[in-house]
Every structure is written in C-alpha cells, then in structure tokens.
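Produce the complete structure using the sequences and hints provided.
What follows is each chain in one-letter form.
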Amino acid sequence: DGGITQSPKYLFRKEGQNVTLSCEQNLNHDAMYWYRQDPGQGLRLIYYSQIVNDFQKGDIAEGYSVSREKKESFPLTVTSAQKNPTAFYLCASSISDRINAYNEQFFGPGTRLTVL
Amino acid sequence: AQTVTQSQPEMSVQEAETVTLSCTYDTSESDYYLFWYKQPPSRQMILVIRQEAYKQQNATENRFSVNFQKAAKSFSLKISDSQLGDAAMYFCAYRTSFGAGSYQLTFGKGTKLSVIP
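Heads up: the sequence lines are chains A and B, in that order.
Residue numbers for the first sequence follow our numbering, so the first one is 4 and each next one is one higher.
Residue numbers for the second sequence follow our numbering, so the first one is 7 and each next one is one higher.
Hints are all accurate, no fakes.
Partner residues are not named here, just some residues of chain A that face chain B (Cβ under 8 Å, in silico):
1. A34
2. Q44
3. Y51
4. F91
5. L93
6. F110
Hints are computed from structural coordinates only; laboratory data are not their basis.
For each residue, glycine too, the CB sits at the ideal point set by N, CA and C.
Okay, structure coming up:
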C-alpha cells in the first residue's frame with residue numbers, strides 16, 4: 004500500500020535536547036511538507052521541499068531544521084532553540100501541480116512531541 | 007497574505023440530518039484552490055473535497071458538497087445524511103495557483119463537528 008509513515012507516534016524529549024522526527028513516503032511524490040498543530044489552531048507550515056536537495060522555510064521555521072537527501076524521506080529536527088516544541092507534527096506530500104493542478108496534499112498519521 | 011476564517015469553533019448535528027460548515031477567505035487572486043480536510047480522533051488528516059476557483063460548478067463527493075461563492079469569498083461544506091463517523095475536526099484550506107506559494111496551504115482554525123445519535 005502506498006502512503007506516508009511517520010515515526011515515532013509519541014516522542015518525549017528533555018529540554019535542551021535535539022530530536023528528529025521521521026517522515027517517509029512511497030507515493031513517488033515530489034513535494035513534502037512539515038506542519039505543526041497546536042490545540043485550537045489550524046496547521047502551520049514549518050518547512051517544505053519541492054525536490055530533492057532543496058527546501059524552503061514556511062511560516063514558523065525558527066528552531067527547526069530539515070533535510071531532503073532522498074525523494075522518499077523528509078526528516079524534521081526540532082532543535083533546542085525551539086522555545087515551545089510540545090505539539091502535534093504532521094508530514095504531508097503532494098505530486099506536483101505540473102501533473103495534478105490541484106496538487107492536494109496527503110498526510111501522515113502524525114507524531115506527538117512532548118517536552119518534559 | 008491569504009487568511010482563512012472558520013467562524014464556528016464547534017457544531018453539532020443529529021444523525022441523518024444535514025449540517026453546513028462555514029469558511030471564508032481573503033485573497034486578491036483570481037485563480038486558486040480550496041479544500042476541506044477532515045481530522046477524526048485518530049488525527050489522520052483526510053481530504054474530503056476540493057474546488058478550483060475557475061470552476062463555476064460546486065464540487066460534490068457523495069454526501070459532501072460545497073457552496074462556493076467566489077464573489078463573497080465563501081466556501082461552505084454541506085454534509086448530508088450525517089453519520090456517526092462524520093464526527094471530526096474539519097479544516098478549510100486555501101492554496102494559490104502561482105509561483106512558490108502554490109506549494110503552501112493556508113488553513114483555518116477548524117470546526118469541531120459532533121454527531122448526536
């Protein structure tokens with residue numbers, strides 16, 4: 004089955020530690036995204052990548068970093084510089100608006116990060 | 007920057023009845039895409055329905071349909087014959103069709119829908 008996987012489902016981190024969230028897709032999608040979701044809020048874009056070895060900052064990139072070394076993978080590192088990292092993190096992917104004009108995004112199941 | 011507003015934080019509907027969720031957005035563009043996503047308690051985001059601004063006809067997917075009013079910048083979601091499985095958070099989202107921004111979705115804050123048996 005094609006889809007997006009995120010691991011782990013729950014993650015606990017001590018203050019001052021960096022932590023990396025995994026996102027893998029086997030949909031052959033070009034673009035991948037990371038969102039943060041807080042209670043009572045919509046999703047906010049952290050980073051996105053249109054192609055391998057290229058990525059752009061979203062609205063709330065401070066304290067986060069990403070890499071895109073493979074088409075299938077787009078890991079997100081939450082650094083100690085992120086002031087309030089406790090949140091639900093969602094990864095998404097889309098094919099390309101050159102192929103599908105709607106370029107709708109498909110989401111993974113998410114990772115809940117808690118800073119202790 | 008575009009903004010998306012969902013003015014109803016919570017709504018409820020009786021099973022088998024119809025409910026309409028509101029969404030308005032602010033944009034100066036003429037071509038764009040609109041989406042409704044559903045997030046059930048599992049928190050998996052699921053695409054419900056999509057609409058392109060240039061298409062006059064309202065999109066329909068089984069029991070889900072939209073009322074797209076371009077001049078009013080309104081994109082409401084109607085759920086007919088509501089089922090218990092429809093209980094979820096519903097998010098309205100906007101995407102521009104031009105340039106690098108075409109990869110960015112702007113979400114509303116969501117409407118929590120409860121379905122009463």
